[in-house]
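Engineer: One line per chain: the protein sequences are A and B, in this order. Taking this note's numbering, I'd label the letters of the first sequence as residues 31 to 786. Taking this note's numbering, I'd label the letters of the second sequence as residues 264 to 366.
Treat the hints with care, as some may be off.
Calculated pairs, DMTMM-like style, for lysine to aspartate or glutamate (alpha carbon to alpha carbon, straight line, at most 20 angstroms) [unchecked claim]:
#1 A:K53 to A:D92
#2 A:K662 to A:D629
#3 A:K266 to A:D249
#4 A:K266 to B:E342
#5 A:K442 to A:E470
#6 A:K706 to A:E680
#7 A:K266 to B:E338
#8 A:K266 to B:E343
#9 A:K275 to B:E338
#10 A:K514 to A:E558
#11 A:K442 to A:E503
#12 A:K433 to A:D347
#13 A:K223 to B:E303
#14 A:K253 to B:E305
#15 A:K275 to B:E343
#16 A:K253 to B:E301
#17 A:K133 to A:D105
#18 A:K253 to B:E303
No lab work stands behind these hints: they were computed from the structure.
Residues per chain are reported as follows:
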Amino acid sequence: MPGQAVQSQPVRSRAQAHSLLQKGQIDEALRLMRERGQRSVNAENRELDLAILRQAADALLDRNQAIDELLATADAVGDASPTWQRSRAEWLARAGRLDEACKLLAHLADPNDPVRLTHALVDQSIRSRSAVHLPREYHSAHQGILKAFQHYERGEDEQAREALQAINLSSPFLDWKVFLRGMIAFANGDSAKAIENWQRLAPHRLAYQLAAPFRLSIDRNYKSSLSDAEQGQLRKRLERLTDEKLINDLRLMQRFLSSPDTLGLAFTLLEDIYPHLLRLVPEWIPRLRRFVEHSLVQQGGWNYLARLQQLLGPSPDDPHQNKLKAQIAEISGDLEKANQHWGQYEAWLASSPPGWPPDLLQRARAIVLFQIASNGNDLIQNLTKSSLHSALRDPLRRVVRDKFLTMVQTLKRVLELAPDWDEPVLRLVEILSGLQALPEARTVVEGYLSRHPEHFGLTRVIASLCDAHREFEAGRSYWLKCLKLQPLDRHVQQRAAEAVLRGVRLKLRSLPVEALEQALAEHRPLLEEALRPELLTTRAILAARRQDPQACRSLSDEAIRLPNERSAAAYRLMAEATWAGLPPAMRNPIAQQFQALLDIPPTPGEATALIRSLRQYIHSGLDYRGLKTHEKLLRAQVARCITHPADVDELAALGWLLQDARYWKELRLLALHGQKNFPTHPLFFYHEAAAMHARGLNSPRLRRLLDKAWALWQRLPAESQTPRLRQKLEHLRAEVCGLDLLFDNFIFSHSEESDE
Amino acid sequence: MNEPIPGDPYRVLGLRPDASDVAIREAYLKLVQQHPPEREPETFAAIREAYERIRDLDRRTRYRLFGDGRWDTVEALVEELVCQTQRRRPPLEALLGTLRPPS
Numbered sequence: 031m032p033g034q035a036v037q038s039q040p041v042r043s044r045a046q047a048h049s050l051l052q053k054g055q056i057d058e059a060l061r062l063m064r065e066r067g068q069r070s071v072n073a074e075n076r077e078l079d080l081a082i083l084r085q086a087a088d089a090l091l092d093r094n095q096a097i098d099e100l101l102a103t104a105d106a107v108g109d110a111s112p113t114w115q116r117s118r119a120e121w122l123a124r125a126g127r128l129d130e131a132c133k134l135l136a137h138l139a140d141p142n143d144p145v146r147l148t149h150a151l152v153d154q155s156i157r158s159r160s161a162v163h164l165p166r167e168y169h170s171a172h173q174g175i176l177k178a179f180q181h182y183e184r185g186e187d188e189q190a191r192e193a194l195q196a197i198n199l200s201s202p203f204l205d206w207k208v209f210l211r212g213m214i215a216f217a218n219g220d221s222a223k224a225i226e227n228w229q230r231l232a233p234h235r236l237a238y239q240l241a242a243p244f245r246l247s248i249d250r251n252y253k254s255s256l257s258d259a260e261q262g263q264l265r266k267r268l269e270r271l272t273d274e275k276l277i278n279d280l281r282l283m284q285r286f287l288s289s290p291d292t293l294g295l296a297f298t299l300l301e302d303i304y305p306h307l308l309r310l311v312p313e314w315i316p317r318l319r320r321f322v323e324h325s326l327v328q329q330g331g332w333n334y335l336a337r338l339q340q341l342l343g344p345s346p347d348d349p350h351q352n353k354l355k356a357q358i359a360e361i362s363g364d365l366e367k368a369n370q371h372w373g374q375y376e377a378w379l380a381s382s383p384p385g386w387p388p389d390l391l392q393r394a395r396a397i398v399l400f401q402i403a404s405n406g407n408d409l410i411q412n413l414t415k416s417s418l419h420s421a422l423r424d425p426l427r428r429v430v431r432d433k434f435l436t437m438v439q440t441l442k443r444v445l446e447l448a449p450d451w452d453e454p455v456l457r458l459v460e461i462l463s464g465l466q467a468l469p470e471a472r473t474v475v476e477g478y479l480s481r482h483p484e485h486f487g488l489t490r491v492i493a494s495l496c497d498a499h500r501e502f503e504a505g506r507s508y509w510l511k512c513l514k515l516q517p518l519d520r521h522v523q524q525r526a527a528e529a530v531l532r533g534v535r536l537k538l539r540s541l542p543v544e545a546l547e548q549a550l551a552e553h554r555p556l557l558e559e560a561l562r563p564e565l566l567t568t569r570a571i572l573a574a575r576r577q578d579p580q581a582c583r584s585l586s587d588e589a590i591r592l593p594n595e596r597s598a599a600a601y602r603l604m605a606e607a608t609w610a611g612l613p614p615a616m617r618n619p620i621a622q623q624f625q626a627l628l629d630i631p632p633t634p635g636e637a638t639a640l641i642r643s644l645r646q647y648i649h650s651g652l653d654y655r656g657l658k659t660h661e662k663l664l665r666a667q668v669a670r671c672i673t674h675p676a677d678v679d680e681l682a683a684l685g686w687l688l689q690d691a692r693y694w695k696e697l698r699l700l701a702l703h704g705q706k707n708f709p710t711h712p713l714f715f716y717h718e719a720a721a722m723h724a725r726g727l728n729s730p731r732l733r734r735l736l737d738k739a740w741a742l743w744q745r746l747p748a749e750s751q752t753p754r755l756r757q758k759l760e761h762l763r764a765e766v767c768g769l770d771l772l773f774d775n776f777i778f779s780h781s782e783e784s785d786e
Numbered sequence: 264m265n266e267p268i269p270g271d272p273y274r275v276l277g278l279r280p281d282a283s284d285v286a287i288r289e290a291y292l293k294l295v296q297q298h299p300p301e302r303e304p305e306t307f308a309a310i311r312e313a314y315e316r317i318r319d320l321d322r323r324t325r326y327r328l329f330g331d332g333r334w335d336t337v338e339a340l341v342e343e344l345v346c347q348t349q350r351r352r353p354p355l356e357a358l359l360g361t362l363r364p365p366s
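Build out the structure end to end from the sequences listed, making use of the hints.
Structural biologist: Here's what the structure looks like:
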């Protein structure tokens, strides 16, 4: 054919000879090679020729046929190298022509040759099961080996060993004896003994070759001495001892199971091979079932469930296939249907089916119910994302609330069944908090912690819940417990310190000074580390209560001198002095100091410290007289602070604080200032968008701001892309763009109707 | 113990399916002492993997419910079949047959 490489005649004849050998036409193969009439100059090709002749030799000798044609062919295409000579000699030996073989190799003067040739003869006699070429003195050993094999095959190990008894250490059949002893040990599962025997086999012997694949499966040292290709070949040989068709069908079935379009073919194959598997490896059937079920789940194989049931029978663990159906439904996204089937499966488990230990059964029910709750959560997410009602709020809220209440019930059932499992507790508390059922959330956590007091995650949850519920005393105790459990957690250190200080501040008026100072001293290192500025101001107030103006002044000055604390420290002194009920003589100078310091516009850093201090009092319930007024006053500082030269990190810190505090007006002001000074930073565009969105100002500008923020974000170097901004930006975009999309679709569909 | 059969953690650890946490841990510790990683890294890894899959009630239950279909492959079954057949005393004829090229 044009374009095809033209094969040379030797290559063609070599390939043809190989093909003829495969078909068992040995004489024709040899004739073809002789007719080629030339000895290849290429060493590699000569090796190929030798390989073909070796194959031919095996075929001829196994049939006890004459090897003269073989030898003639070897003369035609081979050479007089030791390799070729040894091959010829081996063939002669195997054919019983030992003397000729020895003569052929005499010139090589290798003392091992005669022994090797005898071995070749002996191996051939086992291979052909015929002693016809063997010297008479070897006949009984030959018989012994064959008999031993028969006993071995029948499992008559003692008789096999007896048959091997007569073969001594000098016998050329010794390798066969050792091989068989290894096979007996292997059949009995004694790998160590099998290896011990097979390690003694000579590599040039047939017994060594026969042992190789078995040795591969148990002897790691041997395995590691082989290349990957050699290992692969030995494995293939082992597979040939098993039903090759069955193995091929299994592999094909696996391929068919990996696509929904070929599941039918997979099942046809499975129906065909199942009886063989049942016969050969009955204990594997449950794994086969799981493997097929897994494939059906992955491929959405609804239509094959009945067929699976018919073939393998009902699964003892899922007789109505509810679990399987639930999993298929989940993968295909039909969570309602999935939950329906999970519910049915749980009901079946609740009927105490046989074969389930009680603790496993209980846990299984809990896991299934938790899965139902998780699906319920996903259903709610999908509902709020996709429904037009998300723009209309109220109907959705009712629907969502009902679904959450169902989840609460389900999770409570999970906890009844698995009271030691923390994940459902966390999920339940999350939902209850969202439903504003804080006392119930707290009860749930406290119930769990009464059994698992060292659980850090839930201790932290309940500490936060107590704070949210303004049960500060309980919160403090839980934060300190968290600190004990995780002393190096920075966030916990901060919260614990705040809780301790809050406890002292709240009692500034009511408890004796000594008690309060003792409370601070107990946690001094923690407070110094986490809240040094705040600690100083509170200590200053305590000093004032103690009638120690010098100490008070010293501590106040120290607090005010701290970086960014100029006005914040003055504010705190004033706030706590008011709260502590200090007499006017002490309070007035503090108030004046505060006013004087506030006359100077704060820097953004100072404004951050001010707002943070304010928020601490608001969160703590430290509702001192004048708090509302001060809140307005301090918020007004934001507008003043932006007159200072801007530092992007300071502005960013202030921005986040204003956002957390929901001071939208101030946030927008800061954002505009930030956009002007840092036009390539996405944060300030995001802040303005967040402020607008929070106030319901969903104008086109909002969308433009978000687009700009996103574009700038993507241009930021990787190290500047903070996860917090990314998350917030994505969330806001999803909210804003989701609404836009809904409205666009609504408007579009309505305009179509009006066209009609 | 001979080579563990892949796939079934209970079989690897030589336990019944209703074994408790304590029994599982004891079996695991006994086996890793017998098959330390520096001497038998593959066996040790198989024992360790089996233990991880069923070492507490939650994991055992999930294994029972959801199994290991996703990790199992037909190759594991082929190896199992081959392993079974090996130990079934193949006759000499069959052994010699593996040396011949496949037809």
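Engineer: Indicate, hint by hint, whether the structure satisfies it.
Structural biologist: Results for each hint:
no.	hint	in the structure
1	A:K53 to A:D92	holds (15 angstroms)
2	A:K662 to A:D629	holds (15 angstroms)
3	A:K266 to A:D249	holds (17 angstroms)
4	A:K266 to B:E342	holds (11 angstroms)
5	A:K442 to A:E470	holds (12 angstroms)
6	A:K706 to A:E680	holds (15 angstroms)
7	A:K266 to B:E338	holds (13 angstroms)
8	A:K266 to B:E343	holds (14 angstroms)
9	A:K275 to B:E338	holds (14 angstroms)
10	A:K514 to A:E558	holds (18 angstroms)
11	A:K442 to A:E503	violated (28 angstroms)
12	A:K433 to A:D347	violated (30 angstroms)
13	A:K223 to B:E303	holds (17 angstroms)
14	A:K253 to B:E305	holds (13 angstroms)
15	A:K275 to B:E343	holds (16 angstroms)
16	A:K253 to B:E301	holds (17 angstroms)
17	A:K133 to A:D105	holds (16 angstroms)
18	A:K253 to B:E303	holds (13 angstroms)
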